[in-house]
Every structure is written in C-alpha cells, then in structure tokens.
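So the sequence lines, in the order shown, correspond to chains A and B.
According to my numbering, the first sequence holds residues 35 to 143 in order.
According to my numbering, the second sequence holds residues 70 to 443 in order.
Don't take every hint at face value.
[What the hints assert, rightly or not] Computed from the model, here is a short list of chain B residues facing chain A with C-beta under 10 Å:
| id | residue |
| --- | --- |
| 1 | 95 |
| 2 | 97 |
| 3 | 129 |
| 4 | 133 |
| 5 | 138 |
| 6 | 171 |
| 7 | 175 |
[Said to hold, decoys possible] Calculated from the model, a selection of chain A residues having no Cβ within reach of chain B, i.e. all distances over 10 Å:
| id | residue |
| --- | --- |
| 8 | 40 |
| 9 | 44 |
| 10 | 59 |
| 11 | 63 |
| 12 | 77 |
| 13 | 86 |
| 14 | 89 |
| 15 | 103 |
| 16 | 105 |
| 17 | 118 |
| 18 | 120 |
| 19 | 129 |
| 20 | 131 |
| 21 | 138 |
[Said to hold, decoys possible] When the alpha-carbon atoms are kept at most 25 Å apart in a straight line, the in silico DSS-like pairs for lysine-lysine are as follows:
| id | chain 1 | residue 1 | chain 2 | residue 2 |
| --- | --- | --- | --- | --- |
| 22 | B | 146 | A | 118 |
| 23 | A | 136 | A | 90 |
| 24 | B | 146 | A | 136 |
The hints are simulated quantities; they were obtained by calculation from the structure and are not laboratory data.
Backbone N, C-alpha and C fix where the C-beta goes; we use that ideal spot for every residue, glycine too.
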Amino acid sequence: MRLELLQGTLDMLVLRALTRGPMHGYAIARWIEERTDDALRIEEGSLYPALHRMQKRGWIVSQWGLSENNRRARYYTLTPAGRKQLQAETATWSRFAAAVMKVLEAEPA
Amino acid sequence: MDWIPDRYRELRSRLWPERLEEDIAEEIEHHLSLLTEESIRRGLAPDAARRAALERFGDVERYRAATRAIDESYLRKRRRMEHLDAIRRELRHALRGLACNPSFATVTVLTLALGIGAVTAIFAVLHSVVLSPLPYAEADRLVYIDSHVPGSSLGSGRAWGLSEAGYFHFRDNSRAFEHIGVYAGAFASNVWANLTDDRGARRVPGMAVSASLFDALGARAVVGRLFTAEEDRPGGPDVVVLSHDLWQREYGGDPAVVGSTIMLNLEPREVVGVMAPGFRLPDRRVDVWVPLRLNPAARPVNAHYLAAVGIGLGIAGALVTTRLLRALLFEVSPTDPLTLGAAAALLLVVGLLASLDPARRAARVDPMLALRAE
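Based on the sequences and whatever the hints tell you, model everything.
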C-alpha cells in the first residue's frame, strides 16, 4: 500500500529516523518502510529536497562518508535544534490524531 | 576522491557552483544504485532493475532541480549572514574604539555635523536661487512690488500688496516698469474653484489675473489665445484660460475644448485658450486663469491684496533698486565670494578631520623617543 504523505509529516519521519544515528537517504527510506511494515512507501526522490531543506533550517547536518558497499555517500545527523523540532512536531501530531479519533469514535445517532 | 575532507568540499561548492550540482548528482546516483542492486538481488535483469529503481525513485530531474535550488538559496543565505556578521564585528570594534576616546569622538561628530550642516544649507540656498531660476523670460528683470505700510497693525513696516487704485496709479504714472501685472493674492477668497461639467465636479486651483500679467511674465497660449486687456474690464466677457496640465488631464489634449463653455463656481465661462506647458505663478500652480477685471475708477481703499509684478526698465531710481535686488538675489556665480567661501569651508572641515587623528597620535609619542630618533 502506498499512502501519500504531507511534506511536514515526511520531515517528522526523517527526523525520527535520524535519532537512531547518522543515515544516508536510502537507509532512511528503508527504515521508514521497515517500521511501518511496508504500509508507508514514499516516493524516494522526495527525500532529497526534504533533507536539503532541513539542513538549510539547521535541523540536520550532512557529511560525506563511506557507505556499506564502499561507495561515497552523504550521511545526515540530527542537531539539537532538530531534536527539539522533532519533539514539538510529535506532540502536535499526537494531539491532532487524538482529536480526529475522538470525532471518529463518537457515538452514532 | 574519498580523501577530500568535508571543509574543502564546502569551499569547493562555494567557489565552483557546478560542484554543487555534481555532489547532488552523486548523492542521488548512490541511492539509485542501491535500489538497483536490491532489485537485482530479487532476480531482475540489470536493465529491468535500473528501470524499477527509477520508477521507485520518482522524477529524478525534478528532484535534482529542486534540491539544487534549495542548496543555492542556502549558499546565498550563508553568504549574507557572513557579510552581516563581518559588518557587525567591524561596527562593534569601531564603537568600542570611539567609546575609549569620548573627547575625540565628540569633536569628530561635532565637526562633521557642523560641516555637513553648513554645506547643506549653503547648497539649498544656491539651488533655489541660482540653479533653479524662475521659469519666465527675462527672469532677472522681474520684481515684486509691495506697498510699504508703516505703522500698520500687522507688524510695523510690513509690506502689503497693491490696492486696485494703486495698481492703476503705478501703471499710468510710473515710467520705471515696462509691464505691470497683478493677480489676486493670498487673501483672495477663491483660490480653489469648482469646475463642473458633464463628468462631475472637482476643485481646481485658479487665479484671477490682469491681462498685463501675461505680458509681464511672457506667457503664451499653445492653443487659442490668452485674454486681452479689453476683456479685462468690469463687465467684460466671462472667459477662462486653461492650464496645459489641466487640458491634458481632463480633456485629453483635445483642441476642440477652445470655444466650449465650462462651469466655474457655477458660472459659465468660455474657454478662449490653453496656456503653454509649465507656466505657473512663482509660488503656486494654477489650473484656470480668469480675468481680474479691476475697476480703474476704484477709490484708493485699504484692501491691499493685489501682488504686482513688473519689469524694470531703467530710470535711475528704479534702476538702482532693481540692481540692488538683483545683487541680493541673483548675482551668485562660481567666482562669487559666497561660493568660494562654501568651498573653503568644506575643505577646512575635511582637512581638520584628516589631521585630527595624526595629531592625536603625535601628542601621545614620548618626547624622549621622538628626540632619540634624530
């Protein structure tokens, strides 16, 4: 199943992925896929504008390194500002989801 | 290329923007190659695997372009921040330096203030008097005529305009002036007239003038004609001359407006002509010119509200007076002492500032050291 994601949500998922340590874009995509049991499959190219935008905002920093198969890859790391941003967005998302659930669970007439 | 450290790569991106593009391409290619390998592991042929990878990635070109745009704006932002930081640092350093020497700072600021203020004031006067002269033919021969009213309650010796009778007296008896023109001055009640036509009503600035004013100021009509001295009598026809600006604005420059009738303050007036562009009174813009229609039989009364303008011709008395006025107002040239004085003042200010700092430093040198250097 392939769900469409809003841009803000993608940012949040990427930040969460990076709490597990530095990753390159491919690894982030695989981690999200694995965590959601394949329910969420993002269009993987959209990661790159998102990653560079978050880097511009100072939530993550990048560094070139060597990937598993001895290739050059850009690794992204979470910054303290990024961690704070993740906390804020997670809180907002939880409140949003709870509110929607309340509506959906309302007693039918 | 693995040995290139990150800092150098950043510097490289800054100096050669194409490297930015290359780095993005490399990053994306890495992702694509990993996707391809995954597909190959699942049993696809290399070509099919590559195609599958591209499909999963999405529009490569679009994402590459978007990423590049983001990186470029990031670069610009970083450069801007660095410039601002540098400026801020320099400013703090300079201010600290000034704070350590408050007397020096005060002297500098005061000198600059005085110098700049003086030069600005001088230039402002020069500009209004010399550089932008009155827009009339033979402007250097124009004078205002006021009547001196000693002991008047509005301030002793204050000058008033001419009265109606005064104007005729001057016109008929004075040989000093070639033309005298009058217009109803600042105390006239209707400087603003209501112009009404089928498109509505609006207020326009107007002035009642004598026909001789057009002669005195060298006014010309660009369409039609200006009103004549015959029309400028009590009981004369209700005519009006439009300004060029009004003609363009309201009537689109249509020559057919001459001969038509417009309503001015609810009175019909025939348009006899349009004034040449740019013509105005020295102190105000006028959109509609109507005849003043002074009464030659008026008795001299204390309604001194006319301002008179005349051209000096040259009997000794008038000549001396006008010469004096000219000297005061118009004889400012590049070789004039006033201009030279202004230039000298500026040079003095600059020189003072330039020598202030070395003088300060020299004062601090130990006299013994200075002598020893001999």
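Outcome of the hint check:
Against a cut-off of 10 Å between C-beta atoms, the interface hint on residue 95(B) holds, since the closest Cβ of chain A lies about 7 Å away. A least Cβ separation of about 6 Å between residue 97(B) and chain A falls short of the 10 Å threshold, and the interface hint therefore holds. Contact between residue 129(B) and chain A, as hinted, is supported at the beta carbon level, the nearest pair being about 6 Å apart and thus within 10 Å. The restraint placing residue 133(B) at the interface with chain A holds, with a minimum CB-CB distance near 8 Å, inside the 10 Å limit.
Interface hint status for residue 138(B): upheld, as the beta-carbon distance to the closest one in chain A is roughly 8 Å, under 10 Å. Using the Cβ-Cβ criterion of 10 Å, the hint placing residue 171(B) at the interface with chain A is not satisfied: the shortest such distance is roughly 41 Å. The criterion of a C-beta within 10 Å of any C-beta in chain A is not met by residue 175(B), whose closest approach is roughly 43 Å, and the hint is violated. Even its closest Cβ contact with chain B, about 16 Å, leaves residue 40(A) beyond 10 Å, as expected for a residue assigned away from the interface.
Chain B leaves residue 44(A) outside its interface by the beta-carbon criterion, the shortest separation being 13 Å against a cut-off of 10 Å. Residue placement check: residue 59(A) does not keep its beta carbon more than 10 Å from all beta carbons of chain B (closest about 5 Å). With a least beta-carbon separation of about 8 Å from chain B, residue 63(A) fails to lie farther than 10 Å from that chain, contradicting its non-interface assignment. Consistency note on residue 77(A): stated as away from chain B, yet its beta-carbon is not over 10 Å from all of that chain's, at 4 Å minimum.
Its beta-carbon lying about 4 Å from the closest one in chain B, residue 86(A) breaks the requirement of being farther than 10 Å from that chain. With 10 Å as the threshold on Cβ separation, the claim that residue 89(A) sits away from chain B is violated: the shortest Cβ distance comes to roughly 7 Å. With a least CB separation of 8 Å from chain B, residue 103(A) falls inside the 10 Å interface cut-off, contrary to its annotation. A Cβ of chain B approaches the Cβ of residue 105(A) within 10 Å, the least distance being about 6 Å, so the stated non-interface status is violated.
Its beta-carbon lying about 20 Å from the closest one in chain B, residue 118(A) satisfies the requirement of being farther than 10 Å from that chain. The beta carbon of residue 120(A) is kept farther than 10 Å from every beta carbon of chain B, the shortest such distance being approximately 20 Å. At the 10 Å boundary, the C-beta of residue 129(A) stays outside the reach of chain B, the nearest C-beta of that chain being 30 Å off. Every CB of chain B is more than 10 Å from the CB of residue 131(A) (nearest about 27 Å), matching its label as outside the interface.
Look at residue 138(A): its CB is around 32 Å from the nearest CB on chain B, clear of 10 Å, so calling it non-interface holds up. This hinted pair checks out: residue 146(B) and residue 118(A) have alpha carbons roughly 23 Å apart, not beyond 25 Å. Under the criterion of a C-alpha separation no larger than 25 Å, the hint pairing residue 136(A) with residue 90(A) is inconsistent with the structure, at around 37 Å. Distance restraint check for residue 146(B) and residue 136(A): the Cα-Cα separation of roughly 44 Å exceeds the 25 Å cut-off, and the hinted pair is therefore not satisfied.
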